[in-house]
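2 protein chains.
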Amino acid sequence: MASTNRGVTQADIDYFTSAGISVVHSNEQLGGTYNTDYFDKYHGASQTIVFPKSTSQVSTILSHCNNSHISVVTQGGNSGTAGGAMAQQHELLLSLRDMDRIRDLDIVSGVVVAEAGCILETLDEHVRKFEYIVPVDLGAKKRCMIGGNVSTNAGGLRYLRYGSLHGNVLGLEVVLPDGQVLDSLFTLKKDASGYDVKQLFIGAEGTLGVVTAVSLALAPKPQSEQLVVLGMDAFVTIQRTFVLARQLLGEIVSAFEFWERRCNELVVQYEGYSSPLSATHEFHVLIETRGSLARHDWEKMDLFLARLRAEQLVGESRVVRDPAEMEQVWLFRSQMANAHMKSGCMHVYDFSLASKHQHELLRAVKAHLHRHKLYGCEQAAVRDVTFFGHVGDDNIHLQVIADEFGGAVEEAMEPWVYQWVGAHKGSVAAEHGLGAHKGQFLKYSKSPALVDTMKALKRLLDPNDIMNPGKHVARA
Amino acid sequence: MASTNRGVTQADIDYFTSAGISVVHSNEQLGGTYNTDYFDKYHGASQTIVFPKSTSQVSTILSHCNNSHISVVTQGGNSGTAGGAMAQQHELLLSLRDMDRIRDLDIVSGVVVAEAGCILETLDEHVRKFEYIVPVDLGAKKRCMIGGNVSTNAGGLRYLRYGSLHGNVLGLEVVLPDGQVLDSLFTLKKDASGYDVKQLFIGAEGTLGVVTAVSLALAPKPQSEQLVVLGMDAFVTIQRTFVLARQLLGEIVSAFEFWERRCNELVVQYEGYSSPLSATHEFHVLIETRGSLARHDWEKMDLFLARLRAEQLVGESRVVRDPAEMEQVWLFRSQMANAHMKSGCMHVYDFSLASKHQHELLRAVKAHLHRHKLYGCEQAAVRDVTFFGHVGDDNIHLQVIADEFGGAVEEAMEPWVYQWVGAHKGSVAAEHGLGAHKGQFLKYSKSPALVDTMKALKRLLDPNDIMNPGKHVARA
Numbered sequence: 002m003a004s005t006n007r008g009v010t011q012a013d014i015d016y017f018t019s020a021g022i023s024v025v026h027s028n029e030q031l032g033g034t035y036n037t038d039y040f041d042k043y044h045g046a047s048q049t050i051v052f053p054k055s056t057s058q059v060s061t062i063l064s065h066c067n068n069s070h071i072s073v074v075t076q077g078g079n080s081g082t083a084g085g086a087m088a089q090q091h092e093l094l095l096s097l098r099d100m101d102r103i104r105d106l107d108i109v110s111g112v113v114v115a116e117a118g119c120i121l122e123t124l125d126e127h128v129r130k131f132e133y134i135v136p137v138d139l140g141a142k143k144r145c146m147i148g149g150n151v152s153t154n155a156g157g158l159r160y161l162r163y164g165s166l167h168g169n170v171l172g173l174e175v176v177l178p179d180g181q182v183l184d185s186l187f188t189l190k191k192d193a194s195g196y197d198v199k200q201l202f203i204g205a206e207g208t209l210g211v212v213t214a215v216s217l218a219l220a221p222k223p224q225s226e227q228l229v230v231l232g233m234d235a236f237v238t239i240q241r242t243f244v245l246a247r248q249l250l251g252e253i254v255s256a257f258e259f260w261e262r263r264c265n266e267l268v269v270q271y272e273g274y275s276s277p278l279s280a281t282h283e284f285h286v287l288i289e290t291r292g293s294l295a296r297h298d299w300e301k302m303d304l305f306l307a308r309l310r311a312e313q314l315v316g317e318s319r320v321v322r323d324p325a326e327m328e329q330v331w332l333f334r335s336q337m338a339n340a341h342m343k344s345g346c347m348h349v350y351d352f353s354l355a356s357k358h359q360h361e362l363l364r365a366v367k368a369h370l371h372r373h374k375l376y377g378c379e380q381a382a383v384r385d386v387t388f389f390g391h392v393g394d395d396n397i398h399l400q401v402i403a404d405e406f407g408g409a410v411e412e413a414m415e416p417w418v419y420q421w422v423g424a425h426k427g428s429v430a431a432e433h434g435l436g437a438h439k440g441q442f443l444k445y446s447k448s449p450a451l452v453d454t455m456k457a458l459k460r461l462l463d464p465n466d467i468m469n470p471g472k473h474v475a476r477a
Numbered sequence: 002m003a004s005t006n007r008g009v010t011q012a013d014i015d016y017f018t019s020a021g022i023s024v025v026h027s028n029e030q031l032g033g034t035y036n037t038d039y040f041d042k043y044h045g046a047s048q049t050i051v052f053p054k055s056t057s058q059v060s061t062i063l064s065h066c067n068n069s070h071i072s073v074v075t076q077g078g079n080s081g082t083a084g085g086a087m088a089q090q091h092e093l094l095l096s097l098r099d100m101d102r103i104r105d106l107d108i109v110s111g112v113v114v115a116e117a118g119c120i121l122e123t124l125d126e127h128v129r130k131f132e133y134i135v136p137v138d139l140g141a142k143k144r145c146m147i148g149g150n151v152s153t154n155a156g157g158l159r160y161l162r163y164g165s166l167h168g169n170v171l172g173l174e175v176v177l178p179d180g181q182v183l184d185s186l187f188t189l190k191k192d193a194s195g196y197d198v199k200q201l202f203i204g205a206e207g208t209l210g211v212v213t214a215v216s217l218a219l220a221p222k223p224q225s226e227q228l229v230v231l232g233m234d235a236f237v238t239i240q241r242t243f244v245l246a247r248q249l250l251g252e253i254v255s256a257f258e259f260w261e262r263r264c265n266e267l268v269v270q271y272e273g274y275s276s277p278l279s280a281t282h283e284f285h286v287l288i289e290t291r292g293s294l295a296r297h298d299w300e301k302m303d304l305f306l307a308r309l310r311a312e313q314l315v316g317e318s319r320v321v322r323d324p325a326e327m328e329q330v331w332l333f334r335s336q337m338a339n340a341h342m343k344s345g346c347m348h349v350y351d352f353s354l355a356s357k358h359q360h361e362l363l364r365a366v367k368a369h370l371h372r373h374k375l376y377g378c379e380q381a382a383v384r385d386v387t388f389f390g391h392v393g394d395d396n397i398h399l400q401v402i403a404d405e406f407g408g409a410v411e412e413a414m415e416p417w418v419y420q421w422v423g424a425h426k427g428s429v430a431a432e433h434g435l436g437a438h439k440g441q442f443l444k445y446s447k448s449p450a451l452v453d454t455m456k457a458l459k460r461l462l463d464p465n466d467i468m469n470p471g472k473h474v475a476r477a
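Chains A and B supply the protein sequences, listed in that same order. Positions 2 to 477 (our numbering) are the ones given, in order, by the first sequence. Positions 2 to 477 (our numbering) are the ones given, in order, by the second sequence.
By construction, these hints were calculated from the structure, which means they are not laboratory data.
Since copy identity is lost for identical chains, a pair holds within one copy or between any two.
Derived lysine to aspartate or glutamate pairs resembling DMTMM-like cross-links, with alpha carbons at most 25 Å apart:
#1 K143 to E132
#2 K222 to E312
#3 K456 to D179
#4 K357 to E132
#5 K426 to D107
#6 K456 to D184
#7 K426 to D184
#8 K222 to E300
#9 K222 to D303
#10 K222 to E126
#11 K444 to D105
#12 K222 to D125
#13 K357 to D107
#14 K456 to D466
Make a model of the complete structure from these sequences and hints.
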């Protein structure tokens, strides 16, 4: 997969510097900040990073790299978990950190135009002052940037309510590999004039160009929020509860998460948080509602909980009314990946899979690893196999915690688990993206004609293959 | 703009027939059914139409046409208003009428897989039996087909609530010009694996391939519906009312429409309906809410109406509680285009435009036509200039009713009105598409780099230019 493009030379650095572009170069490698990804699984080898301050500087950089055949890896908050923002060899890193202006906020229509380097939480805090929220929210919000959210087609915690970035992004400003600026920063909600070109860059993981700014339809800030945590002992109960939530909580449901017992234990053990429930349960379920009239919203929640009790679906239940306590519960939930990471080397999988197959997958993985003498036996290399997920989005995160990365565990898991998911009509990447590694498994969930079309699009838009080469569909 | 592709011969017809494909051919022209578009403005010249019954038959047709350089115009319900489904010369018409199976409906996840020829209303009625609705709804629902809705990126009446097809379409089955089937009929909600290729076909108006099936995320069927019609006398009042609706009706608002006095008069005059309000008002506003608990939903509506009265925003208001009456009001609204059509030759424009510029546009058009002695003077060619629209989507429909199509009126209006809209950062086509005519105005709202990229995508996916040639971006 090695690119034939050349490395960055002192002459390139001088060129960028003379154009007023901030460059950091090291004769060894740049530090871990830019060469280590979020889960400490992927490591980059870049020696040079540029920090453009404007779209025009991004254009200057790409134009030069395209003419000189220098590969470019774009980096936002570097909170990706699939290695997509790591330089594999001598690529130039392009950080959008310094492009963090909010260019425009229309408080009547609720549309924001923000530069790619805006940190998600900062952007959300800003628009909240004007009674809006950003319609995407995820655990890494303090670090991830809106350009990275768009480039990875981030899903997150409230996808169930606010939907896909393919629906919420109204326009993008993208610099193409040859330096041309593709300005589609449209700020109105409906548009049916020509091909919706911007959609190609949503989830392209920096392989087609650099997203420099985003026009986003905001959601109204909720006037009231409700939160409950439920203890359940069977997976099927979660599904019944979801059906009831859709029926009785209707349009106010904003999040519906579950995690299994072991996930809960790991957060308690490695992050030092108290469990949201006092007793032990096979599954924890978190349901959040957001509405416009607290009295109505709480009444719906009460009716819903009464129904759960009447159907004897729930063991312990905790209704959280205090906003600070709500934040604590969300903090607990958001520490799940970190806690796993601290407990060992985390092989993380991010699948879309019909809910009826989700528990089956967990059991299949455990049985498979057991057959390979890697789990549930003496001196097993795998410590834990866990899953948690976003109910209603059909998105689960599966963790295999081992003593090391790669090795026998990875060999046993891959491509086996991707084949399993493909055979059950799931997606091999639901919201984390393909990154450095998963492109090779794309064939298990996408047809050859579709993969070929993706590759043709890549050749069309990046003929010199300078944008994040060797990753994403390049590996398919 | 004439295509260099050849016409259909008897040998082609024999080939299709021998492959079991239903063909209708006339030595003159096919009747008005297939050669006349919805508003009777565009007329086709096709002599041959095929009615494939399967994806495989569509593949056979396209493969033959691609090899033989025969141009193909795809037709669904033929309810388009921009001439996109009209054959301009000797193209083969490909009707999806006979591909109308519902292939799958998952009643747990609420995802339907339907063939392109499913009539929107029929599909909606089917999924309603399982407590779901199709998240797109428009005036032509008795006639339009889901494949056409996708291919034109239809918006419609409840876009405000359910959002864009770019968010709601989970997957497509598309036959490419060379006959390859691009199967991305994914049925799960989240996917971040590779470029989202299907997005290119949403709104492509049959220029890149034939959409044969659609996987669609459904919305839950509302448990209660509320409807009010309000009489208002200033456009600015509508905007204040919308802000209050978003605040007080919050998550239950499902439609927010307005039409001006003259639109109301035309429906009464030409369709014979009674006005929804008894007195005369400059503007009629229709607000619909849909929720999961009638008692809460009506209480919110009452609070909202009380606030409108307290702020003295509304003249007459009519609260509609009876479902049959609600249907009558919607029927009135849906006759708006037809009534205009009956009153004269309708030059129809479909713009996205920030609400603050909408009334300004109407005034500018009237003044412009007056300056050209076409409106508001003796023997004026223009009888009426009207507008109505979907508030919150920033989408207005502007009608110029004249004695004839084309001529001095069209010359005065075009490209002037598209320039005006482009200069005010609107879109030249919000939900009707570019069709046969509007591609040439795309440059007023899209940059050259964007238009060039669109053209490059067309060349990549349809190198022989057989799919709906001479329309859409081909005219840009």
